[in-house]
Amino acid sequence: MALFRHLQERNWTTLFGYLLFVGMMATGYYYNLTFVQLGLFDLGERLVGMNQREIARGMAYLALITCATALAFGWLMLKRGWGQNFVLKLRLAFAVVLVQTLLTAAAPYIRSEQGFLVWIAVASVALGVGVPTTFGMTADLIPVLDRGYVAATITSAAYFFAAVLSLEWRIETFTSQLLIVMPLGVVGLGVLAFVRFAFVERLARQHTLPEFGVGRFVRRGVDGRNHIRRGLPLLIVLMFGIYFVDSLGFLRLIFTPAYMDTSWQAPTLGPHLFIGVTHVVGAFIAGALYTGLSERALFPWVFGIFAMVHLMYLFDTLLPAGDGAPLAMPMLYAVAVSLYTVINFAVWADLSTPRTISLNAALGVALSAWTATFVSTALAIQWRLGGMALDTHFSIVASVSLMLFIIVLLLAFFRTGTTE
Amino acid sequence: MRQGLFITTILFAVLLLAACSPEDGRYSGTLVAGGTHEFGSGETLEGGLLVTDGRVILGAGSLVTGPVYIMGGEVSVEGEIRADLSIIGGEVALEPQAKISGDLDIAGGKLTRSPEGVVTGEVSRGSGSGVQTPLFPEWTIIPTPEGPALIQRLITFAVNTLLLAVAAAFAARFLPRPVARVARAVTEAPVVTGALGLLALITIPSLLVLMAFTVVLIPAVLLGALLLGAVVLYGWVSIGSEIGYRLARWRGWSIHPAASAFVGMLLFTLLVNGSGFIPVVGTVVSVLAASVGLGAVLLTRFGMRPFSPATQTAPGPQAETGERQGPI
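Read top to bottom, the protein sequences are chains A and B.
Going by the numbering used here, the first sequence opens with residue 1, and the numbers climb by one from there.
Going by the numbering used here, the second sequence opens with residue 1, and the numbers climb by one from there.
Excised from the complex, chain A in its bound form:
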């Protein structure tokens, strides 16, 4: 790992860059996992009094506006060359965190559907700006060699705390937790962005070093220019598939107390701790495999585990109930989620140069994560409210997962353009 060399050389500037990036991304992802994905449902249903179909529509707006904003802003950053301007990215990140902090503080006081929708619209724009901005800092702060492990650290921190601290999914709980950390982020980013420090200027030049700037899947061709593999669109499709099967299954699990009460919403700390530790183990496995192999090697595992876990849930719904759902199912779920989250945090930067990173990250995250989440959320809620039985839902999800797994296996075997 490059980190150890920088530690040996006492390269405090670079080490600070690691800390800044991990802290920012882990907090941001924790915010997304808890406040955005779970807190908004509670806000809409309990405090505003909306029905689930209306909340789902609101969440769809959130996904679409975020997606559109991220794409537009990523393109703008590419055209203006902002991807190579670290200080500007810091200022943008400061603005995003400031807006999100104010929105977070205001959320528990919303009592009308209009207020809820306005909140979503403003938050979506901020999140959309945040995606290319924060992902774009990877090229400035994290050496190429360490991106897998850094992604693993971000993933494990976000999921561990989300699993362990989120014993009750209430907007007030999430708000009080986040308002401890977010104001610190606002102050910290504000100081870094608007006060001139020599070490910030050194950080701003790091993307020009060979160790940092150009991702490992970018190759320099005979014309002397950087080229990307043909696999970017395929990667976006694969990531879309993963997000799709994950959300489609999980959004039904959320509304099935038999499974949630023994795992993600268990009243005791034990299952939360177990899931949290599993996320950490899964993330570091993914970090090591991403670094030592390639993103291609991880995809069959992710799809395979999702297919397996959805089949397990299907079998569990078909067979007579025992004393409670086994923890093996959430364990495998946590492993699969950690694996693909690590890929998501590392791969877009590794497919980019400092100039293109903002647009590529926006393309990747917006087209795969947000679009898939939008489609699968809408489908899952529509199916459930339409009266689809639990076993039918899981049989569809398991079938889709199995089909995707077989496709990925075939792709891996026949070595398409994504292969090395």
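One or more of the hints may lead you astray.
Stated by the list, open to error - A partial selection of chain B residues facing chain A, derived with a Cβ cut-off under 7 Å:
1. 187
2. 189
3. 190
4. 192
5. 195
6. 198
7. 199
8. 203
9. 207
10. 210
11. 213
12. 232
13. 309
Please keep in mind that the hints were generated in silico from the structure rather than gathered at the bench.
Backbone N, C-alpha and C fix where the C-beta goes; we use that ideal spot for every residue, glycine too.
With chain A fixed as given, assemble chain B onto it according to the hints.
Showing chain B alone in chain A's frame:
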């Protein structure tokens, strides 16, 4: 060539699965995972029966044509089983009218047997005692009351260690290159091999349990478990051989690689199994050793190909020609 082999294998697997369709009840079976199920006089269960939980009453005059495996729950046998009865967990009662045409194997659980109950085959105590699977609560296997004596454990330990050392010597003698490739993967990329091995150790047992639920795939489960064990063993043997090789080089011994592998494996097994006497540490060491070895075997395709981590072979952008897309 490889693609042809792949397609042939897939076709073969599909045909094999198709052949396992439950035609005429030859390959069918019944899984009971909960609830109460009673089979009365004249009722016939075609194929095997697997009970993981719940209550099953095979009443007088009922018939099960295949083998019966009991892993949990309560089972009362008053009818006939025309194959073996294996008790791994749960509570089983063999009533006076019970008739078992095959063997009776008791690896765990609790058996109450009426003297009038007939067992045509042999009655044996299996070795599946003491195994607990807390992640699958319904599959908890009740340990046998008596554990082996210390002397018996020591003998088992010594025999196992010796057998592994002999296996390492044979592997170093007859498969020197594959073993060396696996060992090189372990030494050059222990983190990557360990990560892949751990992932396989987490997922493969879950997959085997899932397959067992289909009943029809139980033979494949047994095969898969054996294969997993063999792969872990292969990894261990390779690590032991490498330890022996390095030890011989360090000490300046000019001995045959098979002999150094024997010594290395002896040391490695003593170390790993010896750490088992320290709580927690033993488990961690065993899991790590198994993971690293398993991962190395998988990454080298069973020792057929050398493995180099991607970041060693491609550290950042490289000059390269070839079929690439437009500039970015």
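How the hints compare with the structure:
1. 187: violated (14 Å)
2. 189: Check passed: Cβ of residue 189 of chain B comes within 6 Å of chain A, closer than 7 Å.
3. 190: violated (10 Å)
4. 192: holds (3 Å)
5. 195: holds (4 Å)
6. 198: holds (6 Å)
7. 199: Cβ of residue 199 of chain B sits 5 Å from chain A, so the hint holds.
8. 203: holds (6 Å)
9. 207: Holds. Min distance 6 Å.
10. 210: holds (6 Å)
11. 213: Interface hint status for residue 213 of chain B: holds (5 Å vs cutoff 7 Å).
12. 232: With a closest approach of 17 Å, the residue 232 of chain B hint is violated.
13. 309: holds (4 Å)
Hint violations for this structure: numbers 1, 3, 12, all remaining hints satisfied.
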